[in-house]
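Visitor: For reference, the chains in residue letters:
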Amino acid sequence: MGHGDNEDSSGHYEAVVVVTLAFGVVAQTICGKSVKVGVVKNVADVFSLLPYTIWLLIFGVALGTLNEAYQNNLMHSSIESWNNINADVLLFVLLPVLLFESAFTVDPHIIRHEALQIFCLAGPGVLFSAFGIGIFSKLLIPTFSWKIAFLLGSLMSATDPVAVVALLKDMGVDKRLGTLIEGESLVNDGSAYVMFVIVGRAIMRK
Amino acid sequence: MSVLSICNSRRPFCFSVDFCCDAGQIFAWAARFAIGGPLLGISVGVIVVWMLDYFVKEDSEAQITLTVVAAFSCFLAAEGTDMEVSGVLAVVFFGLYLSEWAAYEEKIAFSLKTFWGEADFIADTIIFVVAGLIVSSVIWNGDIGGWDWAFLGMLYIFLHVIRFVAILILWPVLKSKRGYGKRWGKREMAVLTFSGLRGTVGLSLALIAQDMLRSRGQEDDEKNGGLIVFSMSGIVFLSLVLNGSLMNPLIQALGLDRESRAEEALFIHSATRVEALLQNYVDDLLKTDVFLEDAAFQSVWRYVPVFSSAQYWHRIESGKVHLGPFEIQDAVSPAAARRRQRTNNPEQEYCCPPAIQGTWNYYHRQFRQTPKSEGGALGFRRTQIVITSKNETHRTLEYQAIDLQRQLANVHEQLQGYHTKISHEENEDHEDINPSEEDLIQGRTRYIAAIRA
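From first to last, the protein sequence lines are chains V and H. Counted from 1, the first sequence has number 613 at position 93 by the numbering used here; the numbering is strictly sequential. Counted from 1, the second sequence has number 392 at position 398 by the numbering used here; the numbering is strictly sequential.
Bear in mind the hints are in silico, worked out from the structure with no lab data behind them. Just so it is clear, the structure is predicted and the values come from calculations on it, not from any experiment. For every residue, glycine included, the Cβ atom is placed at its ideal position computed from N, Cα and C. Errors might be hidden in some of the hints.
Taking lysine-lysine and the DSS-like style, the derived pairs with C-alpha atoms no more than 30 Å apart in a straight line are [as the list claims (entries may be wrong)]:
1) Lys689/V - Lys101/H
2) Lys180/H - Lys101/H
3) Lys314/H - Lys281/H
4) Lys169/H - Lys689/V
5) Lys695/V - Lys107/H
6) Lys658/V - Lys169/H
7) Lys695/V - Lys180/H
8) Lys180/H - Lys689/V
9) Lys281/H - Lys689/V
10) Lys169/H - Lys180/H
11) Lys107/H - Lys180/H
12) Lys217/H - Lys695/V
13) Lys281/H - Lys695/V
14) Lys217/H - Lys667/V
Derived Cβ-Cβ restraints for the label pairs, each shown as a range [said to hold, decoys possible]:
15) Pro644/V - Trp141/H: 31 to 39 Å
16) Lys695/V - Ser105/H: 26 to 34 Å
17) Tyr590/V - Val63/H: 36 to 44 Å
18) Ala686/V - Glu55/H: 45 to 53 Å
19) Asp47/H - Leu541/V: 19 to 27 Å
20) Ser37/H - Leu636/V: 38 to 46 Å
21) Trp143/H - Leu586/V: 17 to 25 Å
22) His629/V - Tyr297/H: 19 to 27 Å
23) Trp165/H - Leu586/V: 43 to 51 Å
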C-alpha cells in the first residue's frame, strides 16, 4: 500500500485494517451513522450515545494504548507502519474516495439554487477563518512558526457536518439550510485544500 | 506528500515547477489551481457520462469500474503531473457532475451509490482509527502537556467565534432570498454557526501535514506535527460529540422543527382533501358494490388512518366511526385511559378489532380534547393539531394514503374482474342470467376478507 517511505517498518498494513474494519462493522451495526439520544437500556444504547466515527477514534486510541503495553507481535509492527504512514497513501487512495462519494450523493438541484451562498461561505468565509485560526494558534502555541500556524488554520477550515445534515433533514428544518451546510462543506474541502497546499509548499521550501 | 514536497527521486509524484513566494505569483497560481480543478473535473465528467450512456449502460460492474478509474485518474492527473490544478476540486466537481446525471438515472445509479457508500465507509473507518492511533502515540510519548489540552479547549470555543464572525460578515449574502422559501433570521444564523463540525477531510489533511513536517525534520517539527494531529482529532471529537448531540435540542429550542401557521394550515387542508377523496371512494364505489353491501364499513373506516383533528372529528360526527362508551371515556380523559389500561384488559372494551385498538388509542391522545363544559360534538371541542416532527407526519400521511389507495384500488379491481367475468358468463349463457347464490356468497366473503386484511 505505501511507497516504502520508512524502510524500518516492514509494511504489515493489513492487520490494523482487518481489526479496524471488524470493529467498524460492529460499531456501525450497533449505532448506525447518526446520534440517537435516548434512554439507555442496554449495551447497544450506550453505543448509540456517540456517533460511529467517535467510537472509531476511541478505538484507535485504545488500540494505540494497548500497543504501548504489548509489543513484539504482528499487531505492533502493523500499528507502527500506520503510525509512520506515508501521506501519499492518504492523499491518493483515501481522499479521492471521500470527496467523490460526498459530491456524488449530494442533491444537485438545490445546490444550484444556492451556489452563490455556498461559494461565499466556502471561499471568503474559509479564508477568513483560516487566518483567524492561524493567528489564534500562533499566539497560544510558542513552538509554532507562522507558517505552521496557518497550516493548522487551513486544515481546520474544512468542515464535515454529515451527522448534522442528516439530523436537519430528519427534523424537517428548512431544506435550504441543510443544503447550504452540506454544499459549503463540500466546496470548503476544496478551498481549504488549496490553502493547505500553498502554505505547505511555503513550508517545504528551504 | 508529493504535492508538498521538494523533488525527490524516491517519491513517484512530484512537481517540477518552482514555487515562489511573490504575492502576485501566489495569487496567479492559486487562481489557476482553483479554476483549473473544476474545469478538469467537469470535462472528465462529460466524457464519463457519455461513456456511461452509450457503452456500459446495462453493466453495473463496468459502470462502477469506470467511475473508480475516472475518479482516481482525475485526481492523479491534477495532482501528480505538471498540470498544476487542484485534484480535490477536480474530484468534487466530477462527483457533482455525475450526481446531476444520477438524478435522472435513479435505477442505474443505485449500484454506483452502494459501491461508493461502501468505499467511503472503509476510508472513513481507516482514517479515524489511524488518527486515534497517532493521537495515542503522541500522548504516550509525552509530547502533549497540560497547556496543549487547554489550547484544545480554547480552540474549540474560538472555532465557533470565528465561524460566527464570518457568517455575520457574509450574512447579507447568505440570507438573501433567492429561489423559494422564507427569509432567514437569527435562528438560522445560530444553526449555521453551530454546524461547523470537523471530520474526515480535516483529519486526513492533518495526517498529511504530520508526515510532511516529519520528513522536513527541523527543530520542533516532530512535536508540531504531533500537536496538529492531536488538536485536529480533539476538535473532531469535541465537535462531533458536543455539536452533534446538542444540535437536536438546539433546533427544538429555536422552534425550527415546528410548522409555521401557513404550513400547518396547508397540511390540515391536504389531510382534509385526502379524507374527502377516500370518502368518495368508499361511498361511491365500494358501498354501492353488490358484493360489499353488508360489509362492516365501521371497521373499514377504523383502518383508514387519521392525520388531523378535523379528519378525526369528521369521522366521528358523520357516524363513520362509532366510539364505544369506554373509548369516549378515554378520549375525554387520557389519565382515565392510562389507569384503565393498567388495571383492565382494554381488548374487551373497544369496539374495533384488537389489531387497531392501539392506533385508536393513539388518535385519541394525538387529537387531544377539552372537557364537555367547553362544548363541541360528543362533549369535546376541536383543538389545533399539534405536529412535533412534521416530516415524519408528512411522510406517514403520504405513505399511508398511497398504501391505502392501492389497497382499495386492488379490491376494486378484483370486483371489476368479477363483474366482467359475470357479464361474460351472461353473454355466453343467456339462460343463466343471474349468478348463482353460491357465487354471490363466495364473492362477498372473499371481498370482505380482503378489505379487513
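Visitor: Mind listing which of the numbered hints don't hold for this structure, in increasing order?
Guide: The structure conflicts with hints 2, 6, 9, 11, 12, 13, 18, 19, 20 and 22, although it agrees with all the remaining ones.
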